[in-house]
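Chains Z and E, in that order, give the protein sequences. Heads up: the first sequence begins at -1 in my numbering, then just goes up one per residue. Heads up: the second sequence begins at 570 in my numbering, then just goes up one per residue.
Read the hints as simulated data drawn from the structure, not as lab findings. Hints may be right or wrong, so weigh each one.
[What the hints assert, rightly or not] Computed cross-link-like contacts, SDA-like style, restricted to lysine to any residue with a CA-CA straight-line distance of at most 20 Å: (1) Lys120(Z) with Asn814(E); (2) Lys47(Z) with Gly810(E); (3) Lys829(E) with Leu150(Z).
[Unchecked claim] Listing some non-contacts, in silico: residues in chain Z with all C-beta distances to chain E over 12 Å: (4) Asp36; (5) Ala93; (6) Gln96; (7) His139; (8) Leu158; (9) Lys159; (10) Thr160; (11) Lys174.
[To be verified] Here are the in silico distance ranges between beta carbons for each label pair: (12) Met148(Z) with Gln929(E): 34 to 44 Å; (13) Glu169(Z) with Val799(E): 55 to 65 Å; (14) Arg578(E) with Thr163(Z): 52 to 62 Å; (15) Ala981(E) with Thr162(Z): 36 to 46 Å; (16) Asp99(Z) with Lys632(E): 25 to 35 Å; (17) Lys632(E) with Ser38(Z): 47 to 57 Å; (18) Glu169(Z) with Ser633(E): 28 to 38 Å; (19) Ile987(E) with Asp99(Z): 43 to 53 Å; (20) Thr163(Z) with Phe808(E): 38 to 48 Å; (21) Ser38(Z) with Arg578(E): 46 to 56 Å; (22) Ile804(E) with Asp26(Z): 20 to 30 Å; (23) Ser38(Z) with Val799(E): 21 to 31 Å; (24) Thr138(Z) with Leu919(E): 33 to 43 Å.
Don't be surprised by glycine CBs; every beta carbon is placed ideally from N, CA and C.
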Amino acid sequence: MEDIIKTKSLWKDFSRELFTSQSKSVVDILKKIPLLSDLSRRELKIISKFAYERTYEINEFIFEAGQPGAAMFIIKEGEVKIVKKNDANEFIEIAVFQNGDILGELALLDSSPRSAGALVSKPTRAIAIFREDLNNLLKTHPDIGGKIMMHLAIITGQRLKTTTTHVMQMENEINKLKGLLNDKQ
Amino acid sequence: MINNDRLNRSRIFYFSLFLFLAIVLGYLLIVLQNLILPIFMGILAAYISLPGINYLKRKGIPKSAAIIILLGVLSFVVFVIGQKVVSAIPNEKENLELRIQLQYKLDENFLAFLGKEDYSSEGNIIDNLVGDELYQIFQSVTSFLALNEMEVTEFQNYIDSSLVSERILFFYVENLKHPILPAPKLEDATSTKNTSSDNSNFKANSKIALFLNAVSTWIILPFIFIFILVDEGEIKSFFLGIIPNRYFEMAFATFANVDKAIGNYLRGTLLQSSLVGLTIFLGLLFIGFKIQAALLIGIIAGISNAIPFLGPIIGLGTGILYAMIVEGIDPILPFLPDNAVLGVLIVVSLAQFLDNAVFQPLVLGKAVNLHPLVVVIGVTGGSIIAGFWGMLLAIPTIVIFKVVISTVYRQAKAYYIIY
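Modelling step: build the complete structure from the supplied sequences, incorporating the hints.
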């Protein structure tokens, strides 16, 4: 009798481990992302149901420039370079993303073409979250969807501010250079 | 070099796996072809019900409870409508009476159309011009209604047991005055080889066998329905999981687009057919049809409305056939015609007008354009492959193929898979 109970308990532990460990680890990863940091574990568990984990080899593209964006990717482990081709048709590295970073999050808003490609530079495991699933989430769980969209708007706003600052700095630099050129002439 | 070897091995492996799966799938499709329709219908039913589940979820009801509520409501509706429909379906004796009555009424209307009092008298101009040809066509139509030898014996038994009303007896005697040869039926050939007692056993056995067969194959429908509704995306995850990284994003986008287009089309078609069925049901009630008959004709007209071109004709035909045997209808409103055939014509025309002017524009999601020629060939081909069900499901199947192929093509181009 005791044996049976032990076996049952063992099986219970095993099955629980088998079926919850994956979603648990996905939830842990999702929790660390600023975009989803406001969400409770219960809410993150709902999102983990449509979080697709993928494994990529070195030199594989997660997505390419010009392709319509459909998903945002979260790097679970590994390294991804954001690259863009120059006039000589060579890839230029723009940024490097590592564990816990997110890339292609603007695809959650619309399907406009990706501005750059994501090239894997170390064996990578990434989690994909698709726009269509987020749209469905907005219908079924508007509270969760609303929080994500709010964060997405904040992140986009912050990036716009940073870009505006960069543009202003560049304009200043150009004006300075123009001034120097005029002085020399 | 090593990479090339690995690439070649991978290609051989995937090709062999694909070939093996294709052969297994092909074999299963042939062997289990009886299950295709119930599975297809189960998927369709679940697909159509999904927005209902989502609606309940939005209202804060857990998914499991939402599924139970939906199943409860569906079972209740099917039970109530089923009861009404079953009570409207004639039994063996009523079936014979209906055919006798219909044969008499058709005969009467045919003679009136030709302006004759009986077959020996002179008719109108139509009779003079094409009377003989029309008679040939009429004979071939009514031959399907005429009783065969066994049915005549059966009906004689009912007459001997005084179970037949005088009115039906009158029709029966009148029909005998100008007999029509019954259309040859397969069961006649079988029945002549058996004695009467053996025959009744055979019929009972075959009915039980048919019933059991139907139950064993259709029992899968509710399971498919429930499992698809319960699914939390596992089916989609599985298929996306086996897709290579290069096609992953494209596959998801394709799946989402196809899902949306087909879902809108199917739900649109269901809504449109339901509205047409409801209009005909209410219209027939207004012109004085019994509730069971109006419901049965409404359901037939609603379901067949999903068949382009032919659907409205099936609905109209069913209504007119019933109108020809029904005697003395009593319209609810005084200005409505008391001629049942005219009433059915008005109701079906009104339903078709509303369908074109109101229902179709309302159901925007149904906008999947098919060339009329494709529709005609599809419906005809469907009827050859699987009879009425084939005719009904031909257009949704073609639409599904069209949406899948066009979406895959579009996405493959957008994701630089093809030029």
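Going through the hints against the structure:
As the CA atoms of Lys120(Z) and Asn814(E) are separated by approximately 15 Å, the hinted pair is consistent with the 20 Å bound. A threshold of 20 Å between alpha carbons decides the hint, and for Lys47(Z) with Gly810(E) the separation of about 14 Å falls inside it, so the pair holds. With a C-alpha separation of about 25 Å, the suggested pairing of Lys829(E) with Leu150(Z) is violated against the 20 Å cut-off. No Cβ of chain E comes within 12 Å of the Cβ of Asp36(Z); the nearest lies about 21 Å off, and the non-interface call holds.
With a minimum CB-CB distance of about 20 Å to chain E, Ala93(Z) clears the 12 Å threshold, and the non-interface call stands. The Cβ of Gln96(Z) lies farther than 12 Å from every Cβ of chain E, with a closest approach of about 19 Å, so its non-interface assignment holds. Separation of His139(Z) from chain E is inadequate, the least Cβ-Cβ distance of about 8 Å not exceeding the 12 Å criterion. For Leu158(Z), the requirement that its beta carbon stay farther than 12 Å from each beta carbon of chain E is met, with the minimum near 25 Å.
With a closest Cβ-Cβ approach of about 29 Å to chain E, Lys159(Z) is found to remain outside the 12 Å limit, as its non-interface label requires. Under the 12 Å C-beta cut-off, the non-interface status given to Thr160(Z) relative to chain E holds; the minimum distance is some 27 Å. At the 12 Å boundary, the C-beta of Lys174(Z) stays outside the reach of chain E, the nearest C-beta of that chain being 42 Å off. A hinted range of 34 to 44 Å holds for the C-beta pair Met148(Z) and Gln929(E), which are about 40 Å apart.
Between Glu169(Z) and Val799(E) the C-beta distance comes to about 58 Å, which sits within the given range of 55 to 65 Å. At roughly 53 Å, the beta carbons of Arg578(E) and Thr163(Z) sit within the given window of 52 to 62 Å. Checked against the hint of 36 to 46 Å, the C-beta distance between Ala981(E) and Thr162(Z) comes to roughly 38 Å, which is consistent with it. A C-beta distance of roughly 33 Å is found between Asp99(Z) and Lys632(E), which places it inside the suggested range of 25 to 35 Å.
The hint said 47 to 57 Å for the Cβ distance between Lys632(E) and Ser38(Z), and at roughly 19 Å that hint is violated. One distance hint, 28 to 38 Å for the beta-carbon pair Glu169(Z) and Ser633(E), is violated here, with the actual separation near 59 Å. Between Ile987(E) and Asp99(Z) the C-beta distance comes to about 32 Å, which lies outside the given range of 43 to 53 Å. For the pair Thr163(Z) and Phe808(E), the supplied restraint of 38 to 48 Å holds, since their beta-carbon distance comes to about 45 Å.
For Ser38(Z) and Arg578(E), the Cβ-Cβ distance of about 47 Å falls inside the hinted range of 46 to 56 Å, so the restraint holds. Roughly 26 Å separates the CB atoms of Ile804(E) and Asp26(Z), a value that falls within the hinted 20 to 30 Å. The hinted range of 21 to 31 Å is satisfied by Ser38(Z) and Val799(E), whose Cβ atoms lie roughly 24 Å apart. The hint said 33 to 43 Å for the Cβ distance between Thr138(Z) and Leu919(E), and at roughly 39 Å that hint holds.
Hints 3, 7, 17, 18, 19 from the earlier list are contradicted by this structure; the remaining hints agree with it.
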